[in-house]
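Q: Assemble the whole structure, with the sequences as input and the hints as a guide.
Residue numbers (my numbering), protein chains in the order written: chain A, 271 to 517; chain B, 271 to 517; chain C, 271 to 517.
Careful, some of the hints might be misleading.
Since the list gives no way to pick one copy over another, a pair counts as held whenever it fits inside one copy or between any two copies.
Okay, derived cross-link-like pairs now, PhoX-like style, lysine-lysine, Cα gap no bigger than 20 Å in a straight line [as the list claims (entries may be wrong)]:
| no. | residue 1 | residue 2 |
| --- | --- | --- |
| 1 | K307 | K485 |
| 2 | K417 | K368 |
| 3 | K476 | K417 |
| 4 | K448 | K458 |
| 5 | K485 | K448 |
| 6 | K273 | K417 |
| 7 | K417 | K448 |
| 8 | K307 | K476 |
Since the hints were derived computationally from the structure, they do not count as laboratory data. Computed from a prediction, not measured in an experiment: that's the story for all the values here.
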Amino acid sequence: MFKAVIDAETLRDAIDAVSSLVDEVRFAISENGIELKAVDPANVAMVSFRIDPEAFEYFEAAQGDIGVDLVRLSDVLSMADRGENVTLELDEENHKLKIGLNALSYTLSLIDPSAIRKEPRVPDLDLPAHVILPGPQLRKAIRAAEKVSDHVILGVSDDPEDMFYMEASGDIDSLILKIPSRELLGMKPGIARSLFSLDYLSDMSKAIGKAQEVKLEMGVDYPLRVYFSLSQGVDINYLLAPRIEQE
Amino acid sequence: MFKAVIDAETLRDAIDAVSSLVDEVRFAISENGIELKAVDPANVAMVSFRIDPEAFEYFEAAQGDIGVDLVRLSDVLSMADRGENVTLELDEENHKLKIGLNALSYTLSLIDPSAIRKEPRVPDLDLPAHVILPGPQLRKAIRAAEKVSDHVILGVSDDPEDMFYMEASGDIDSLILKIPSRELLGMKPGIARSLFSLDYLSDMSKAIGKAQEVKLEMGVDYPLRVYFSLSQGVDINYLLAPRIEQE
Amino acid sequence: MFKAVIDAETLRDAIDAVSSLVDEVRFAISENGIELKAVDPANVAMVSFRIDPEAFEYFEAAQGDIGVDLVRLSDVLSMADRGENVTLELDEENHKLKIGLNALSYTLSLIDPSAIRKEPRVPDLDLPAHVILPGPQLRKAIRAAEKVSDHVILGVSDDPEDMFYMEASGDIDSLILKIPSRELLGMKPGIARSLFSLDYLSDMSKAIGKAQEVKLEMGVDYPLRVYFSLSQGVDINYLLAPRIEQE
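A: Written as structure tokens, this is what we have:
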């Protein structure tokens with residue numbers, strides 16, 4: 271049993287944060303809300319999200335898994351007007367999700383959850399440093415780096431002062447971003463420096479740009495963990511594997 | 271003799287309502303305004319429009335037919351700024367239409383009216399039911415149906431209450447729209463249900479979306495008639511043949 | 271030595287006015303500001319610009335030439351938010367231009383100035399007539415002419431009254447623009463009539479459309495000279511060779 275009402279744009283933003291990395295997912299539905307963990311086809315990036323019951327206008331659910339094609343779900347949600355609510359209702363017998371938008375009722379065929387790639391094991395990482403900055407600022411930096419290269423170094427340094435930095439070097443031009451701790455929204459100082467693929471960061475950056483604040487946890491040649499809330503009770507979490515830095 | 275002044279956007283909206291179905295048309299000009307009847311190349315959809323003299327800032331005309339390439343006319347009208355008037359003046363001798371937009375004077379070559387496909391005979395149909403709804407609402411429903419299928423059922427039902435409905439079924443997903451009579455702007459109850467090509471409805475929906483209210487006349491496996499005004503004195507009328515519903 | 275701070279949008283608009291005609295240019299930097307003269311690859315159009323020191327928030331420069339890829343420079347400037355300043359600083363030793371946008375620091379590799387096409391000799395022309403009109407009006411006329419033809423006649427006439435005119439004739443349709451002197455922002459009456467390629471005028475028109483007023487100097491079968499300021503101290507100048515008018 272699952273029936274829920276939520277602002278269509280809120281749900282769509284959360285869906286799009288995932289669909290930039292993976293198309294078909296298994297939602298774990300329970301009285302604690304909707305959760306999802308998925309890994310991209312190349313095993314480079316992991317995404318998890320959680321929508322708490324409080325983020326819904328109405329929420330009633332028994333425990334269960336449903337398999338969803340996120341591209342089609344996002345497409346349906348895009349029909350909503352700004353501020354419009356969407357009603358989700360599970361038709362268990364027929365393996366359908368009924369999506370109601372005012373007078374419109376859309377029937378989305380579900381995917382057999384067992385046909386979807388297994389939920390990844392989230393590695394237990396102790397990342398030594400973190401910074402917190404506005405989502406739009408990080409998005410802008412990622413887009414700037416795309417102009418120069420296809421990979422980027424993210425790091426935390428204490429030289430000459432505690433700061434977050436980003437470096438992108440192309441064949442011709444290069445780019446450096448330096449934000450000292452006093453201009454960050456928060457920081458756990460430390461030493462971190464890892465190289466990441468801009469392809470993945472770009473895919474993530476659209477959702478990141480919608481967040482008021484984003485927390486980046488980093489280490490030396492370690493994965494990057496990105497935390498942010500899209501709205502009250504809608505939490506997204508990315509984990510991105512580092513690339514090996516070549517001299 | 272023909273000379274007229276009209277708001278450029280009003281004229282363009284009317285032209286675009288036709289040009290989505292047919293490119294070259296014959297305008298019948300008379301002291302009663304401008305009229306047009308045309309049928310699409312596949313004989314599936316018919317469009318007629320009428321611009322009354324009252325819709326013009328200035329209107330003076332003797333009876334006559336002119337052949338016009340609507341794509342070029344719409345292209346010229348697109349040069350106007352919002353709220354700008356356009357002056358139309360027939361140069362009969364040279365088979366040209368002079369189109370004035372402030373300091374700009376565009377000379378549009380006319381097409382020999384006899385080279386244009388004959389005006390269709392508008393069938394005399396007695397359609398048993400109709401509904402009236404806001405243009406944007408119908409447009410939105412058509413766009414939603416496009417996500418699912420390439421054809422759609424439009425109907426009027428009295429079960430469980432008087433209502434307008436739309437159904438689209440794709441290979442995977444399906445969509446239903448139901449608007450009870452109390453949420454319609456007007457209705458003549460009855461039983462209607464016909465299948466239509468979404469290609470044509472999509473072409474029509476851009477103009478439909480600009481109308482405050484649209485009247486749909488329907489029957490069982492009968493053509494759909496669509497009536498709407500784009501502004502005072504600018505009336506559009508579509509007639510769309512049904513497709514045969516396959517079991 | 272060169273260090274300067276300027277509104278990023280101002281600089282970008284000036285760069286784009288040039289980059290529509292030529293990609294790689296040599297900036298002449300001195301205490302008098304930044305100057306540039308360049309000719310398009312086909313030798314049909316010439317562009318020069320000058321940014322006075324007063325247009326900068328900060329300006330300090332020794333005499334020198336730098337070679338710049340305008341497409342990359344414009345791309346970097348496009349990262350700026352509205353109203354954001356950009357800092358330019360020359361790293362002479364490494365042949366780099368450091369471009370600072372808040373926390374971002376972009377390093378642009380310069381081109382060897384000697385590898386860039388020689389500065390054109392600006393011909394000394396005595397053009398008998400000129401008109402001054404709003405940039406957006408001229409841009410709109412150029413875009414209208416593009417709908418009809420790939421070349422256009424620009425002229426000044428005294429018949430039946432002093433006016434600026436533009437004529438475009440296509441295979442089917444034609445277009446005339448006539449602006450009498452009383453509707454112009456300024457005029458030096460005379461007789462002028464020359465044919466120009468719309469390709470070049472279109473490339474110029476994007477920058478022209480941003481200018482409050484544009485001065486066009488013309489003669490009979492003579493080049494067209496276009497003068498305008500994008501903002502205080504930012505002056506652009508185009509010179510466009512005429513085409514031979516065929517009877």
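Q: Evaluate K307 and K485 at a C-alpha cut-off of 20 Å and name the case that applies: within, between, both or neither.
A: So K307 and K485 pass the 20 Å test inside one copy only (19 Å; across, 48 Å).
Q: From the Cα coordinates, with 20 Å as the cut-off, is the pair K417 and K368 best called within, between, both, or neither?
A: Between copies only: 15 Å across chains, 42 Å inside a chain, cut-off 20 Å.
Q: Evaluate K485 and K448 at a C-alpha cut-off of 20 Å and name the case that applies: within, between, both or neither.
A: So K485 and K448 pass the 20 Å test inside one copy only (16 Å; across, 45 Å).
Q: Is it within a copy, between copies, both, or neither that the alpha carbon of K417 lies no farther than 20 Å from that of K448?
A: within (17 Å within a copy, 45 Å between copies)
Q: Should K448 paired with K458 be assigned to within, between, both, or neither, using CA atoms and 20 Å as the limit?
A: This pair counts as within: shortest intra-copy Cα distance 16 Å, inter-copy 55 Å.
Q: Cα distance capped at 20 Å. Does K307 pair with K476 within a copy, between copies, both, or neither?
A: Within one copy only: 19 Å inside a chain, 41 Å across chains, cut-off 20 Å.
Q: Since the copies are identical, ignore which copy is meant and state whether K476 and K417 lie within 20 Å (CA to CA) inside a copy, between copies, both or neither.
A: Answer is within: at 16 Å inside a copy they meet the 20 Å cutoff, but 24 Å across does not.
Q: Could you place K273 and K417 in one of the four classes (within, between, both, neither) given a Cα distance threshold of 20 Å?
A: neither (45 Å within a copy, 24 Å between copies)
Violated hint for the displayed structure: number 6, the only one.
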